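As they're listed, the protein sequences go chains A and B. Counting from 1, position 27 in the first sequence corresponds to residue 26 in numbering that gives the first Met the number 0; the numbering is continuous, with no gaps. Counting from 1, position 66 in the second sequence corresponds to residue 65 in numbering that gives the first Met the number 0; the numbering is continuous, with no gaps.
Calculated directly from the structure, the hints in this document are not laboratory data. Mixed in with the good hints there might be a few duds.
Claimed, not checked - For lysine-lysine, the following DSBU-like pairs were computed, each having C-alpha atoms within a straight-line distance of at most 30 Å: (1) K95/A / K58/A; (2) K35/A / K56/A; (3) K95/B / K95/A; (4) K95/A / K211/B; (5) K101/B / K211/A; (6) K211/B / K195/B; (7) K95/B / K101/A; (8) K108/A / K195/A; (9) K35/A / K195/A; (10) K95/A / K101/B.
Being a predicted model, the structure only gives us computed values, none of them experimental.
Protein chains: 2
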Amino acid sequence: MNRRLLLVSNSTLHGSGYLDHCQQHISNFFGKDVKKVLFVPYALHDRDTYTRTARDKFKTLGYEVESIHEAKDPVDAVRRAEGIFIGGGNTFRLLKSLYDNKVVAEIRKRVLEDGVPYMGSSAGTNVATISISTTNDMPIVYPPSFSAIGLVPFNINPHYLDPDPSSRHMGVTAVLMQFCVQGLREGSMLLVEGNKATLLGTTKARLFTRGKPSVEYDPGSDLSFLLTDLN
Amino acid sequence: MNRRLLLVSNSTLHGSGYLDHCQQHISNFFGKDVKKVLFVPYALHDRDTYTRTARDKFKTLGYEVESIHEAKDPVDAVRRAEGIFIGGGNTFRLLKSLYDNKVVAEIRKRVLEDGVPYMGSSAGTNVATISISTTNDMPIVYPPSFSAIGLVPFNINPHYLDPDPSSRHMGVTAVLMQFCVQGLREGSMLLVEGNKATLLGTTKARLFTRGKPSVEYDPGSDLSFLLTDLN
C-alpha cells in the first residue's frame, strides 16, 4: 500500500497565520512533482472565501489550488487530482458534503490505490479515519453515515484536550477509551507513508486503546504499529 | 398545552452528590400526586447501575422508580408513566435507544397531550428539544435522525462553556449562532409549565439567536417568549 497522508490537528496555531505552523511539512509532503492540489472546502459554509484563503497560502508554497466546489464534476476532479487537501470546519457538514457529492469512495481509491498524497487538517483529518465518532464538533447536519474515508484503521481526535485534573468531567476520556484513538493536540501531525506512521510537530499525542491505559508519544515517535495492528 | 418540563443542565455539581443541587426543584416539580417516576437510563452503557443510582436518589425524595429498560414493553411503560425522568450520558446513544425502542412519539404524546411531567438532565435535556444538533457529545453511535422528542421549539446546549477570551477557538459560539439556542451553564435549569418558561438555578444562561447578538439571562428570568416565538 503506497498511501501518503499528512494529518494535521489544526490549521492555525495561536498567534500564527493559516497553516504557518506546518508549512515546511506541507512542502516536504507534496514535494516538487505535485503542481496542483485539489482543495475540499466542504467543512465551511462559505466555500469561496475558504478557497481564497487556501489558494493564497498554497501559492506561497509554490502550488496551484483547484477547489472541488468549482469543478463541474467533483468525482472527475478527484480522478484528475495530483494531491488532495481537505480543510477543517464542521466535521458533520464535511462528511455529509463528501457523501452528497459521491466522492468518499473515489478519494479512498485514489489515495490507497493510486498513491495520491492526502493532507487533512482538523475535520479533514477526522474524515480520513474509519469514522467521525471522535469529533468534538456539533451535529449541525445529518450525514448518511458516520463511516468516513477510511485511509487509516483507527480514529483520531484532532483537538484532544487534557482533562482538567480538578474537574469531575471525565466524559471525553471515558468515551475515547472505547476506540483505538490517536489524540492529537494543537500543533501535532501524523505522517503516514505506506505502512509507516510518524508523529510530527511540537506537542505529544496520546493513544487510547480499549481496555488499556492510555500512552503518551513524543514528536518523532514511530507509530507504525497503529497501521498494522488493525490491518 | 399543559406540558410540564424540568430541564436540568447537569446531574451533579462539583462537590455534591447525584441530583443534590436540584433536589428541592425535583420535589416541587413532581409534587405529591406522582408516586412513581419512569426512569430512562439509555444514555449510559450500564443501565442497571445507573438505575440503582437514580432509584436511591429518588427514594430519598419519596418517589418510586421504574426503569424503562426493566419493562417488558417500553412503549407500554411510557403509556403507564405518571412522571418521566431521562438521565444524562451520551446524547447519541440516548437518542438512538429512544428510536430503537420506539418511544420518541409516545413520550411526546404523553407529555404534550396528557401533561405527564418530564424531567431531563444533560443528554435528557438535549433530547427534549427539537434536535440534538447542539450537543457537545461524541457521535459514538448513529441514530436514525438528529430530530428529538420536540417538547420545546428550540435547541438547548446543556453544558455551555464561556469562550475563553484569550483563545482563538470561536468554533462553538459560531455554531450556536445558527440556532435559537438556550445555553445552560452548570447549575442551570429551565422550568416549563404550559406556555410559561422560567430559568431556575444558580447561574445565568445565554440565548443565541441567528443574526442577533447573544443575550444573558439571570436565574428567575421569564423566558416564555422562547415558547411562543417559534410556536
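Checked hints:
Among the hinted pairs, K95/A with K58/A is consistent with the structure: their alpha-carbon atoms are about 29 Å apart, no more than 30 Å. As the CA atoms of K35/A and K56/A are separated by approximately 13 Å, the hinted pair is consistent with the 30 Å bound. A hinted pair counts as satisfied when its Cα atoms are at most 30 Å apart, and K95/B with K95/A qualifies at roughly 19 Å. Taking the CA atoms of K95/A and K211/B, the gap is near 27 Å; set against the 30 Å cutoff, the hint holds.
Of the pairs offered as hints, the one joining K101/B and K211/A is violated, with about 36 Å between alpha carbons and a cut-off of 30 Å exceeded. With a C-alpha separation of about 23 Å, the suggested pair K211/B and K195/B falls inside the 30 Å cut-off, and the hint holds. Annotation: proposed proximity of K95/B to K101/A holds, straight-line Cα distance about 26 Å (limit 30 Å). For the given pair, K108/A sits about 19 Å from K195/A by alpha-carbon distance, which is consistent with the 30 Å threshold.
The suggested pairing of K35/A with K195/A holds, with an alpha-carbon distance near 25 Å, which does not exceed 30 Å. For the proposed pair K95/A and K101/B, the alpha carbon gap of about 26 Å is at most 30 Å, so the pair holds.
In summary, the structure is inconsistent with hint 5 from the numbered list given earlier, while agreeing with all the others.
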